[in-house]
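Participant: Each chain, written out:
There are 6 protein chains.
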Amino acid sequence: MKLTVVSPLISDDFTEGVRKEVEHWLGPDTDVEVVRIQRGPASIESEYDEALAGPGILEEVVKAAEGGAEAVFITCFGDPAVHAAREVVDVPVVGGFEPAVLHALALGEHVGIVTVLPNVVPMIRSLIRRYGFTDRVGSVRVVDMPVLTLHDPDTLLTRLHEQAKAAVDADEAQVIVLGCTGMIGVAASLQERLAAEGTFIPVIDPTGAALLWLESQVRLGVRPSRATYLPPPAKKRIP
Amino acid sequence: MKLTVVSPLISDDFTEGVRKEVEHWLGPDTDVEVVRIQRGPASIESEYDEALAGPGILEEVVKAAEGGAEAVFITCFGDPAVHAAREVVDVPVVGGFEPAVLHALALGEHVGIVTVLPNVVPMIRSLIRRYGFTDRVGSVRVVDMPVLTLHDPDTLLTRLHEQAKAAVDADEAQVIVLGCTGMIGVAASLQERLAAEGTFIPVIDPTGAALLWLESQVRLGVRPSRATYLPPPAKKRIP
Amino acid sequence: MKLTVVSPLISDDFTEGVRKEVEHWLGPDTDVEVVRIQRGPASIESEYDEALAGPGILEEVVKAAEGGAEAVFITCFGDPAVHAAREVVDVPVVGGFEPAVLHALALGEHVGIVTVLPNVVPMIRSLIRRYGFTDRVGSVRVVDMPVLTLHDPDTLLTRLHEQAKAAVDADEAQVIVLGCTGMIGVAASLQERLAAEGTFIPVIDPTGAALLWLESQVRLGVRPSRATYLPPPAKKRIP
Amino acid sequence: MKLTVVSPLISDDFTEGVRKEVEHWLGPDTDVEVVRIQRGPASIESEYDEALAGPGILEEVVKAAEGGAEAVFITCFGDPAVHAAREVVDVPVVGGFEPAVLHALALGEHVGIVTVLPNVVPMIRSLIRRYGFTDRVGSVRVVDMPVLTLHDPDTLLTRLHEQAKAAVDADEAQVIVLGCTGMIGVAASLQERLAAEGTFIPVIDPTGAALLWLESQVRLGVRPSRATYLPPPAKKRIP
Amino acid sequence: MKLTVVSPLISDDFTEGVRKEVEHWLGPDTDVEVVRIQRGPASIESEYDEALAGPGILEEVVKAAEGGAEAVFITCFGDPAVHAAREVVDVPVVGGFEPAVLHALALGEHVGIVTVLPNVVPMIRSLIRRYGFTDRVGSVRVVDMPVLTLHDPDTLLTRLHEQAKAAVDADEAQVIVLGCTGMIGVAASLQERLAAEGTFIPVIDPTGAALLWLESQVRLGVRPSRATYLPPPAKKRIP
Amino acid sequence: MKLTVVSPLISDDFTEGVRKEVEHWLGPDTDVEVVRIQRGPASIESEYDEALAGPGILEEVVKAAEGGAEAVFITCFGDPAVHAAREVVDVPVVGGFEPAVLHALALGEHVGIVTVLPNVVPMIRSLIRRYGFTDRVGSVRVVDMPVLTLHDPDTLLTRLHEQAKAAVDADEAQVIVLGCTGMIGVAASLQERLAAEGTFIPVIDPTGAALLWLESQVRLGVRPSRATYLPPPAKKRIP
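Protein chains in written order, with the UniProt record's numbering: chain A, 1 to 239; chain B, 1 to 239; chain C, 1 to 239; chain D, 1 to 239; chain E, 1 to 239; chain F, 1 to 239.
No lab work stands behind these hints: they were computed from the structure. The structure presented is a predicted model; accordingly, all values stated were derived computationally and were not measured. Positions of the beta carbon are idealized from the N, C-alpha and C atoms, including for glycine. There's no promise every hint is true.
[Stated by the list, open to error] Restraint-style ranges between C-beta atoms, simulated for each label pair:
1. R219/B with T155/D: 54 to 62 Å
2. K165/C with T158/E: 35 to 43 Å
3. P146/A with E162/F: 36 to 44 Å
4. G67/E with T149/F: 29 to 37 Å
5. E33/A with A166/F: 36 to 44 Å
6. A166/D with A234/E: 26 to 34 Å
[Stated by the list, open to error] DMTMM-like cross-link-like pairs, simulated, lysine to aspartate or glutamate; straight-line CA separation at most 25 Å:
7. K20/B with D154/B
8. K235/A with D169/B
9. K20/D with E197/D
10. K165/E with D169/A
11. K2/D with D29/E
12. K2/A with E66/A
13. K165/A with D135/A
14. K165/A with E172/C
Next comes chain A alone, as it looks inside the complex (with noise of 0.2 Å):
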């Protein structure tokens, strides 16, 4: 199975992180290709920084579809372009949101989201109705860090675990998705320290549920429906 990871972002580093992350959580037989943005911001913190990733990551999507991939993940948890880009591919296409709150729906009754900034909780909100999940998802959380310092594992750790555990506490949530596709590798030592207090709860890393959702959707011999998504018609644009 041929996969392309594109993340929406200007910067190879995070790209390079990304890779990482990525081969954690595929099998042998899938084969990842992590492109990334040429045009747009160094992260996405705001609807603002979506709309101007938008132009970017259909280029890439479009050239990965032309390029044989099978599916495609674009890796930001606002699911930006996403809609956009399942109209032009024929191929799977998911983002980070999306697949995350889904395996979460799973797995308890109360869906509870812990994201970076306050600046995106709105948007997140606007996707949990978008989605048409407000009956299950309602508390989202935020670390209060910028995503270019997540890479500083303690201190997201540190946080992550107090807004989940204040979470489960204030009975808003009893499954956890971590809202930043950025936050990566703390998803397992998350469950594993909210379990040490006591009781079980699951965190969804919204990287492997994205790869793993796609690898699942590739072997169910599915992809998006074009009644839902339509071929854009025909006509002038200018790039």
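Start from chain A and add chains B, C, D, E and F according to the hints.
Facilitator: Then chains B, C, D, E and F, alone, in the frame of chain A:
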């Protein structure tokens, strides 16, 4: 009052049509400027087109605010880049969907939208869920005409009437919203034609609704909340 | 444009206050008449008061329409007799709740209402459900001051600020609506006081919102749908 | 047990019919008094009629409670003044809608209402939203007969059967509620006629449902919550 | 009228307590039989216990109907096997949850449930969603006492009061439902204790609510819809 | 990885069919065991059948976990005893409904289910509400074939195609889920047949979806939350 209208299309023709339409709605005290994006699609008929138009729209919105605009109308029913724009400027910004539907909600129980093509129906239904209006807005129908053919008012009016009447007769809607800001100058005629059949059904023109909405916001002294639309953190961004 | 404001109270004092407030919001081209009911309560602070005021309100609305009013504002946040009035006249009619909340919905994700007494909170929450706004409007708080004591602007402003701040700090709301049309002349000051603490939070004055809403409806050439508001069948009625 | 039935109509004829019907449902231990309002409409077929009946209904409810009534039924499907009445008396009060629909909810998945005229359909749908029942109650159909013609049981039964059958066949509803308390003495026949076609469909008579509901409330020792229905503050009120 | 109460527990002690309680609620004309299952759990405190009790409950319900019971009450707040039972008999069947909550919905805006252990809270919240009551029923609290310790009325009452008061004070609920049919004989005392603090809060006893509900259904001449509860096709089944 | 499939039926024939189907979906590294219950129904076509199968399913799930299974699939679309099972074992457990519908939600806007008989439609709609998916899953249609006749693939495929096409044409659904785990080996053919008519509509096979779902859960290192699924308290239980 100084207003800017941003057309998310690369065509000067449409910009001209908008300019005339806009003058029809505003009073002599309001000074309007109509601008268009430089890169993007010739028309918006998909989430793909919306994403391509995003960076250009934001560039024009920022320029407008810097140039003293007191409010900005992004003239597209899909509300492209509207929420992103609210993050980066300190003046009211609306697209076509939100003010038209909000106006309609005070006129009858259920609101029906008649738009251009099947391609944009899922996008519009996503907006309905995102804004939380599913209890009151359900019917989305199409005239099945591409945006660039809307300049034929007779065909447009005939098909709008067909679809609006069908929505009302099936009790899907008691108020009609025109679901494309390119449907210019037909709302009043459609309203008249429907009334001639015995029951007054209000028809909302999204351009008029948006412009009067912005005038009201300015006169009320309000603008988008900074607790929902936080300013994007400073960072490297390649345009 | 000719507008009528109907005060659902039997007090001339309040009518005077309304008259001054109304002139503050409207342009020189709009001609306003303020009238009051002859039978009913001294203030509206319960569903009981609303019901008592109903017949008097309808009498005044009908008289206004017969006298040439192009739009009618029933100046009470509980929207008393608003839907009944739309059945019997052919011009736009609004109360205080609907236009204020609709305006607020375009300014931020969640709308919070600060009203007078605990007595009216269930009535307001019933309106929120009736209008289908539960996904976006949840917080209803009180200053705990009877309507007839609202003329003390300092106490009112202090308590409004306390409650609005509490709603924003608890992330219940990012936009504030004043939940009583008797809270006159304080919206701008409250907005300023909240902004002075660091984050701009828009505050909607229900009187201003209603008047500009009606102006917009008249300029858009619309009025309530006769498919929702059917004319009541003729029959014997003892006033 | 002492019950009062308040007819919100100015006609003695209807009061007589109600008296007979009421006796059919109650046991020998229950003492019923049927009263009517002095000012208001001859029938309720609009929100306008409801508003006109309001003060008269409240006057009778208060009088009944003062006279020792242990529960009050306001015999109209629109639940006029029901919530206002609960604020001013200390005994259970219901209208026609609430107990009929609550009874029906325990009998099948979706509840369908068949009422008199298109005029009251939006009012009934507003009640459904107000009470929060939209997930289970959706279908509202009409026999298209004014209230004052309902005394013709053959036509009424034929049309009720037509509409109930249509609702069941379209899978809109599996339980039927008669949507007017003036549809007297036909529920059992309709239920029989539907069952004769092969599938048992329960039919709820709103008068019977309301009376047994009140009996149950009294026997359970409960009455409306004073945390929802606060007593209206004392003030000047001109009747 | 002949009613059967099915206890889904294997203990004779509980059956005895139920018998006494049941007689408290019903009139002299109603003849009640209390039976219990032969295989299953000693108490129901999980979905696991519910599933174990299922076949035994259904056996007793069928036996009761064959023996002439006109209505059946499965005395457990989790409504175990209730919907299955409605498929196989032609008489009204209820559990503890549905009639208690439906009764409560007519007494105030928001209903709060106080149940036994945290273990059953997700099950109760699943029922709330299944029945479509999320807009009106949200608060589920626990006294943290296993079912088999409920016979200590003092501790039970103290803890119920604590939790009910907390729900009311936090404005989570204005009506209280006892969330276990094993909480026998305390509803009236709890209601009194709450009222003594100043505000009347109705408290629903699920056993009383269920019994009176069934009496009403029988008197109204209705039973569950065969369009929702279809008879199971004949086939091999090993008990 | 070691997986157990529990068939909630007493028939060895069905167990054989499941075994073949299961091998089709899983990789060579996954070791599957298929077991069946000893007491219960020959097929599940009602809530009654579900309840009868409950204790047997739980017995097999517990045995499987004790025997080292890392995940368990209860192969029935009604998710019988799934939530109960999660309370008693420490490994992922799913039925047919949940993973199929969650997979489908990422493939298009609205999900339609085509199941066997009208008898199970209310049960499936109850699951939709219980899981909180009403905004996205609405259409439930039937091929009107009992489970034990599904072995005729031609008739089954013809009727599935009829119903799936009807759902898509009526715009009820853009993604199809097969609503019975006994519909084996037809999903791909149905998907092909629908695509041949011009529009690609994904079709989800519930068995494949469930197995890949469990594989993903195991690879992600997660299992159901103990804050939702608490271990049942110890007590006397008669099997």
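Participant: Hey, K20/B versus D154/B, does the alpha-carbon distance stay inside 25 Å?
Facilitator: Holds, at roughly 19 Å.
Participant: Keeping to a limit of 25 Å between CA atoms, is the pair of K2/A and E66/A held or broken?
Facilitator: holds (12 Å)
Participant: In this structure, is the beta-carbon distance linking K165/C and T158/E contained in 35 to 43 Å?
Facilitator: holds (37 Å)
Participant: Does K165/A pair with D135/A here, judged by a C-alpha cut-off of 25 Å?
Facilitator: Given pair K165/A, D135/A holds - Cα atoms ~21 Å apart, limit 25 Å.
Participant: Starting from the range 54 to 62 Å, see whether the pair R219/B and T155/D falls in it by beta-carbon distance.
Facilitator: This hint holds: roughly 56 Å between Cβ atoms.
Participant: So if I understand the rule, the pair passes when the alpha-carbon distance is 25 Å or less; does K165/A with E172/C pass?
Facilitator: It holds: about 21 Å lies between the C-alpha atoms, which stays within 25 Å.
Participant: For a C-alpha distance cap of 25 Å, please report whether K20/D and E197/D respect it.
Facilitator: Distance ~30 Å between K20/D and E197/D Cα, so the pair is violated.
Participant: Do E33/A and A166/F keep their Cβ atoms within the hinted range of 36 to 44 Å?
Facilitator: holds (41 Å)
Participant: Against the 25 Å threshold, does the CA-CA distance of K2/D and D29/E hold or violate the hint?
Facilitator: With Cα atoms ~20 Å apart, K2/D and D29/E stay inside 25 Å; holds.
Participant: I want to verify a distance hint. Is the separation of the beta carbons of P146/A and E162/F within 36 to 44 Å?
Facilitator: Because 55 Å falls outside the window, the suggested range is violated.
Participant: Does D169/A sit within 25 Å of K165/E, going by the straight-line distance between their CA atoms?
Facilitator: Between K165/E and D169/A the Cα gap is close to 21 Å, so the pair holds against 25 Å.
Participant: Could you check the hint for me, namely that G67/E and T149/F are 29 to 37 Å apart, CB to CB?
Facilitator: holds (35 Å)
When each numbered hint is compared with the structure, violations occur for hints 3, 8, 9.
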